[in-house]
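There are 2 protein chains.
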Amino acid sequence: MQDHLSQTFAALADPTRRAMLARLARGEANVSDLAKPFLKDMSLPAVTKHVQVLEKAGLITKSRNAQYRPCKINGESLRDVVDWVEQYRTFWEESFDRLDAYLKTVVEKKKSKGTNHGRKK
Amino acid sequence: MQDHLSQTFAALADPTRRAMLARLARGEANVSDLAKPFLKDMSLPAVTKHVQVLEKAGLITKSRNAQYRPCKINGESLRDVVDWVEQYRTFWEESFDRLDAYLKTVVEKKKSKGTNHGRKK
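One line per chain: the protein sequences are A and B, in this order. Under this note's numbering, think of the first position of the first sequence as 1, with each following residue one higher. Under this note's numbering, think of the first position of the second sequence as 1, with each following residue one higher.
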């Protein structure tokens with residue numbers, strides 16, 4: 001059996017499932033509303049399977065409300081991801097710093113090009 | 001082809017690969033040193049495959065140094081994970097808050113048990 005963190009990462013390893021989470025970040029949605037935007041590219045069973053993968057990984061919870069099944073994001077599984085990645089802070093902070101430094105160089109270059117009117121003939 | 005973030009999450013969805021990253025967080029290691037602790041449970045080709053998955057996902061980089069192949073963590077792919085999870089901050093912070101509140105209740109209960117000497121006869 002897959003450990004819980006592996007199950008969470010595996011569930012996140014798919015753009016459709018991440019798009020579903022992005023939709024739910026804007027608010028709860030019934031399974032049918034959640035499925036709708038994906039039905040032009042895939043079958044209903046395929047979409048339902050993605051919802052089930054998210055649910056099994058604990059990334060969403062589905063409740064019952066008469067005939068509706070509202071889904072919402074469950075922060076706990078996301079917290080596990082944050083907890084895990086936090087151990088590697090030194091590495092990703094270094095990477096943010098490098099990105100910052102690079103972007104500053106780009107801005108500086110643009111500025112100096114700006115004073116020369118940035119044109120070459 | 002799998003998008004880069006999906007590839008990163010898929011690479012993290014395995015306890016052996018996460019253990020390899022944990023080892024590399026303590027410092028660079030040659031492929032053979034990195035492989036060693038896992039060889040009691042799996043074959044060398046299986047271990048090498050895991051290293052390759054991490055490398056393809058950009059989570060580690062392997063350089064050449066004569067006959068050695070030192071591996072190290074590449075913070076950029078981890079930064080992608082951080083960037084992604086950051087969008088869901090409201091959800092995981094809520095979850096941290098709930099955990100905090102729960103732990104406080106447990107501590108309070110222990111304290112009040114402590115004043116009653118916490119013993120039942």
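Calculated from the structure, these hints are not laboratory results. Just so we're clear, the structure is a prediction, and the values are computed from it rather than from any experiment. Watch out, some of these pointers could steer you wrong.
Put simply, identical chains are the same to the list, so a pair is met inside one copy or across any two.
What the hints assert, rightly or not - Under the rule of at most 25 Å between Cα atoms (straight-line distance), these lysine to any residue pairs were calculated in the SDA-like manner:
#1 Lys104 with Ser43
#2 Lys72 with Gly58
#3 Lys56 with Phe38
#4 Lys104 with Asp80
#5 Lys62 with Ser95
#6 Lys109 with Gln67
#7 Lys36 with Asp3
#8 Lys111 with Asn30
#9 Lys104 with Asp83
#10 Lys110 with Val85
#11 Lys40 with Gln2
#12 Lys56 with Asn30
#13 Lys111 with Glu28
#14 Lys62 with Ser43
#15 Lys72 with Ser6
#16 Lys72 with Lys109
#17 Lys111 with Asp80
#18 Lys104 with Pro70
#19 Lys49 with Leu5
#20 Lys111 with Arg23
#21 Lys62 with Thr90
Quiz item: Of the hints given before, which are not true for this structure?
Solution: 1, 6, 8, 10, 13, 16, 17, 18, 20
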